[in-house]
Amino acid sequence: MSADTQRTHAIRTGSSPVTRRALLKAGAGAAAAGAASLALAPLSRIAWAAGSDEPIRIGFQVHRTGIGATYGRWYERTANAAATYLNENGGIAGRPVELVPEDDGTDPKRGAEVVEKFATAHGVDFVYGPLFSHVVIGSAPRAGELKMPYFVVSEGYHVASGSLNRYVFQPGITDVRAQVQAMAPWVAGNLGRRVTMMFPDYAFGYDHRDYFSAAVEAQGGSIAAKIAIPPTESSFTKYFPQVPADTEVLYHVMVGPGVLTFVKEMGEHYGSNRPQIFGFIDSLEGVDIASPGLSFLEGTYLWEALPRYADGLDSDANRHYRERVGINDEGASVDDPKDVSTNSHMFGCWETLFVIKRAVEESGYRSRNPDDVAALIEALEGFDSFDEGIPHPQGYKEFNGALHQCYGRQFISEVREGRLAVVHTTSIEDGKYEAEADYTTQSL
Amino acid sequence: MSFGPHLLLALLEGAVTACVLAVTALGLSLVFGVMRIVNVAHGEFYMLGAVVAWFCASLTGGSALGGFLLALVCAPLVVAGLAIATDWLVLRRVNYHPESTIVATIGLLYLLQQAVLSGYGPDARPVEAPIYFRVAFPWFGYSGYKLVVIGASVMLLLGTWAVLARTRAGLCMRATQQDPEMALAHGVPVRLVYTAVFAAGAMLAAVAGVLIVPIQQAHYLMGLDPLLLSFIVVIIGGLGSLRGTVVAAFVIGMSDGVISMFFSPTLAKILATLLVALVLVVRPSGLFGERP
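First to last, the sequence lines map onto chains A and B.
Residues 1 to 444 (the numbering used here) are what the first sequence spells out, left to right.
Residues 1001 to 1292 (the numbering used here) are what the second sequence spells out, left to right.
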């Protein structure tokens, strides 16, 4: 008798004690589980109704080690400062905020594992904090699979391009596409129209390459050369001869441990006989502008998202923010003036936490069950702007719910006497582009 | 930039790479030649040299030259002390068994890397060059300190050669390299020679680290690239052959400079690795290695 016919026979005759016992067991199990859930569910409801002070737990994915370590250190300080401020002022929906930090080693593979660990081992409500685009692109799919709201502070165009998923948001920092598009008219109008670009050879660099070149060409300019540099490179002298002689503007954006070497070697190569130089502050984040060997930077220009020197943006909100994070007027740590901040990026951690607060409070989110998560995401997608103030010291921002991306003003600063002086502020309009995606059409 | 100046710049860059590489790889080659063990943690000794240089620079405060000279003395001593401790605590215990030492030094690599990560931090920290001047060629400028690195490396290579060829200690090392048992029978303290050679190899890596740090910044992961390149150089040159190591370092360094300048840095690495494969197939003992 085959197994199938045996089972059919047993059920039909009712003669098999095994089958009956199995049925009884299953029934008893289901009853027990039902009773347990019946018993537990009202308890948890009572707890929430009574205004539980159970903390909102937020996984903080941080680049403590690897090539993003300098950013990671400041991201963590900023996020902690924001959480402390929130906890002193009523928390989120009356509940305290608890950040659970995990190092991802600035490594995409580890990043995905960290997201998984947050969801399964730590049981957090949301994950936030990663910066480096290759890590975000490597981690975001896992967040989507786990249906984990994932807030990145990454700048990259990968969120707004539609290449990630409905659970990924970037509400604290403008994306690279909007940034570079806002820079192009000023660069072409003031520095020159024949541009050579030097950028890191991965996703973040390609955003610069693709969207700045398009924006400069739209201004009637042209690109003389595009020079991609591997992000782990430690010596750059060999790349400068590739810069064509007819270059009017050298556009640089570098990241990683070699940035100071890059800028120094650029100075050694050109000396005083240089083209106009326009860079993203990324090439000098965490680096003192007055470092030895950087004097050739005098009279060059840098993009900043939030001015490093306090006089670049003199507002109450910005002063409050700088004081809470602990940076002095020169943009370095108040405890160690040699420890220069990554001020053009880390404010995104501060602002993102306040966006999370608003979304939780407006959506009535309580715990990471599918209904609450869906309500949270729909609330976020309904936001259209963030006003300047303590939650948003960098300035007023527009938010595009379909793209999950915010847009704010940008700054251009000149290096003068070893400091940065703001010479131009862009408007949000300058960075506007045609949307290419709509996350709200994806199912939750 | 026209071809001539472009080539000059490529050769200068190649020479800097080659010189620093020769010093680093010489340490690895010396250890393998005499002790017949592969030190996978060699790159970490190089990294430690750079990190000690940063500490020396921050100790001396304002004076870059003072910090650099202090580092030139301290870094080799600190690293040599660590190498001696490794020899006593680890290598001796596994009786210099080739496979066990590879595993042991892989462990040491991670220990040192993580120790530096916890003690010194994950940042790349700059060290000011002891002398700063810019050599202005008509077509481009070049860091004067890099020329100093070339000079200092050549002196170190000559010094190592003189010690090996002209001193009694060098004689003991060469005797141990040729036949440890016979050397022992003639009264050469082989164990002591092993310890000294391991320390000397580590010191060479540390000095290379001190020389490079004003160009590259000290970072806890900076030992990986030189380790890989040193292996390439030592395999091409012939394991244990000092002359082969120096020649191979110049072949790899100069070709890296020229190829990465005119084509791409990735192509330079691909060709170097291909060359290793070719040498292993055609002449497994390396260009200057003794046939087994």
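Worth flagging that the hints you see were computed from the coordinates, not collected in a lab.
Any given hint could turn out to be false.
[Said to hold, decoys possible] When the alpha-carbon atoms are kept at most 16 Å apart in a straight line, the in silico EDC-like pairs for lysine to aspartate or glutamate are as follows:
| id | chain 1 | residue 1 | chain 2 | residue 2 |
| --- | --- | --- | --- | --- |
| 1 | A | Lys-117 | A | Glu-88 |
| 2 | A | Lys-432 | A | Glu-414 |
| 3 | A | Lys-117 | A | Asp-103 |
| 4 | A | Lys-338 | B | Asp-1123 |
| 5 | A | Lys-432 | A | Glu-378 |
| 6 | B | Lys-1269 | A | Glu-233 |
| 7 | A | Lys-357 | A | Glu-145 |
| 8 | A | Lys-147 | A | Glu-378 |
| 9 | A | Lys-338 | B | Glu-1128 |
[Stated by the list, open to error] Derived coverage of chain B by chain A (criterion: at least 3 residues anywhere in the stretch with Cβ under 8 Å from a Cβ of chain A; other residues may be distant):
| id | region |
| --- | --- |
| 10 | 1074 to 1086 |
| 11 | 1198 to 1206 |
All C-beta atoms in this analysis are idealised placements derived from N, C-alpha and C, irrespective of residue type, glycine included.
The hints, checked one at a time:
For the hint linking Lys-117(A) to Glu-88(A), the alpha-carbon distance of about 29 Å lies beyond 16 Å, and the restraint is violated. Straight-line distance between C-alpha atoms of Lys-432(A) and Glu-414(A) comes to about 24 Å, which puts the hinted pair past the 16 Å bound. For the suggested pair Lys-117(A) and Asp-103(A), the alpha carbons sit about 11 Å apart, so the restraint of at most 16 Å is met. Distance check on the hinted pair: Lys-338(A) and Asp-1123(B) sit about 13 Å apart at the alpha-carbon level, within 16 Å; holds.
About 23 Å separates the Cα atoms of Lys-432(A) and Glu-378(A), which puts this hinted pair outside 16 Å; it is violated. Taking the CA atoms of Lys-1269(B) and Glu-233(A), the gap is near 13 Å; set against the 16 Å cutoff, the hint holds. For a cut-off of 16 Å, the pair hint linking Lys-357(A) to Glu-145(A) is broken: about 24 Å separates their Cα positions. Among the hinted pairs, Lys-147(A) with Glu-378(A) is consistent with the structure: their alpha-carbon atoms are about 14 Å apart, no more than 16 Å.
Note on Lys-338(A) and Glu-1128(B): the hinted pairing holds, with a Cα-Cα distance of about 14 Å set against a maximum of 16 Å. For the region 1074 to 1086 of chain B, the proposed coverage by chain A is not satisfied: 0 residues have a C-beta within less than 8 Å of a C-beta in that chain, short of the threshold of three. Judged by the Cβ-Cβ criterion of 8 Å, the region 1198 to 1206 of chain B is not covered by chain A as claimed, because only 0 of its residues qualify and three are needed.
The structure fails hints 1, 2, 5, 7, 10 and 11 (numbered hints given earlier, in ascending order).
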